[in-house]
Amino acid sequence: DAGVTQSPTHLIKTRGQQVTLRCSPISGHKSVSWYQQVLGQGPQFIFQYYEKEERGRGNFPDRFSARQFPNYSSELNVNALLLGDSALYLCASSLSDPQRGRKAFFGQGTRLTVV
Amino acid sequence: LAKTTQPISMDSYEGQEVNITCSHNNIATNDYITWYQQFPSQGPRFIIQGYKTKVTNEVASLFIPADRKSSTLSLPRVSLSDTAVYYCLVGDLPGDDKIIFGKGTRLHILP
Chain E
763 DAGVTQSPTH LIKTRGQQVT LRCSPISGHK SVSWYQQVLG QGPQFIFQYY EKEERGRGNF
823 PDRFSARQFP NYSSELNVNA LLLGDSALYL CASSLSDPQR GRKAFFGQGT RLTVV
Chain G
426 LAKTTQPISM DSYEGQEVNI TCSHNNIATN DYITWYQQFP SQGPRFIIQG YKTKVTNEVA
486 SLFIPADRKS STLSLPRVSL SDTAVYYCLV GDLPGDDKII FGKGTRLHIL P
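For the protein sequence lines, the chains are E and G, in the order given. Sequential numbering of the first sequence, starting at 763, is according to the working numbering. Sequential numbering of the second sequence, starting at 426, is according to the working numbering.
Possibly wrong hints are sitting among the right ones.
With a straight-line Cα cutoff of 27 Å, these simulated DSSO-like cross-link-like pairs (lysine-lysine) come out [to be verified]:
hint	chain 1	residue 1	chain 2	residue 2
1	G	Lys528	E	Lys865
2	E	Lys865	G	Lys494
3	G	Lys494	G	Lys479
4	G	Lys528	G	Lys477
5	E	Lys865	E	Lys792
6	G	Lys479	E	Lys865
7	E	Lys865	E	Lys814
8	G	Lys477	E	Lys865
9	E	Lys865	G	Lys428
10	G	Lys479	G	Lys428
11	G	Lys428	G	Lys528
12	G	Lys479	G	Lys528
Hints in this document: simulated from the structure, not taken from any laboratory. Predicted model, so just to flag it, every value in this text is computed and none were measured.
Full structure from sequences and hints, please.
Shown next, in the form of structure tokens:
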């Protein structure tokens, strides 16, 4: 079975530009979450989607947005990029079923560099 | 969500057993305890999860005392490849898989 896949793996953007990151969850997983990890820190929660509905939002500006598609894949969009947006962006999927486990599976991440 | 406290870093040697303790004094009745491992430039990987007493899998053991205010991740006979950051997480929000990561414990295994 394929794990969580993210694309692209690496990306370089200029300040002020917009970026779209993509995530395909594990087959059967309906919950997708996004995290930002800057160097030396733990991942910070950005968004969670379940069945195409936003279930949670972290403390990030409105420049960050996301959506989930009918096939449960997801996109994270960041507008008006700042240098501080440079980070590893992680996507995680889970069954979100308390009866079947409460663990999330992470992708390899997208390394975004803003110059 | 309960806050966790764990050592910032630890060193050990190959072949040793490593125990990483995590404090979570405000753990709620429905909360589970989960540990993740992360290598540089990779996503975190689930290691083990438990609610009370002891849980063991092929990778690690998790010891949880009766009061559940702390937990200990035990890695038997570590190797150099166990060098990573280990995160202790506490929470249980059915239908909401938001995970709040702390700073984690940087484990460095020496030859």
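Okay, the hints, checked on the actual structure:
A C-alpha spacing of about 19 Å is found between G/Lys528 and E/Lys865, which places the hinted pair at or below 27 Å, so the restraint holds. Of the pairs offered as hints, the one joining E/Lys865 and G/Lys494 holds, with about 21 Å between alpha carbons and a cut-off of 27 Å not exceeded. Proposed proximity of G/Lys494 and G/Lys479 is supported: the alpha carbons are some 14 Å apart, at most 27 Å. For the hint pairing G/Lys528 with G/Lys477, the CA-to-CA distance comes to about 24 Å; that is within 27 Å, so the pair holds.
Only pairs whose Cα atoms come within 27 Å are accepted, and E/Lys865 paired with E/Lys792 is accepted, the gap being roughly 13 Å. Proximity of G/Lys479 to E/Lys865 is assessed by CA-CA distance (about 18 Å); at most 27 Å being required, the pair is judged to hold. Restraint check: the Cα-Cα separation between E/Lys865 and E/Lys814 comes to about 20 Å, which is no more than 27 Å; the hinted pair holds. A hinted pair counts as satisfied when its Cα atoms are at most 27 Å apart, and G/Lys477 with E/Lys865 qualifies at roughly 17 Å.
Between E/Lys865 and G/Lys428 the CA atoms are separated by roughly 18 Å; this keeps the pair inside 27 Å, and the hint holds. At roughly 21 Å between alpha-carbon atoms, G/Lys479 and G/Lys428 fall within 27 Å of each other, so this suggested pair holds. Annotation: proposed proximity of G/Lys428 to G/Lys528 holds, straight-line Cα distance about 11 Å (limit 27 Å). Under the criterion of a C-alpha separation no larger than 27 Å, the hint pairing G/Lys479 with G/Lys528 is consistent with the structure, at around 24 Å.
Checked against the numbered hints above, the structure breaks none of them.
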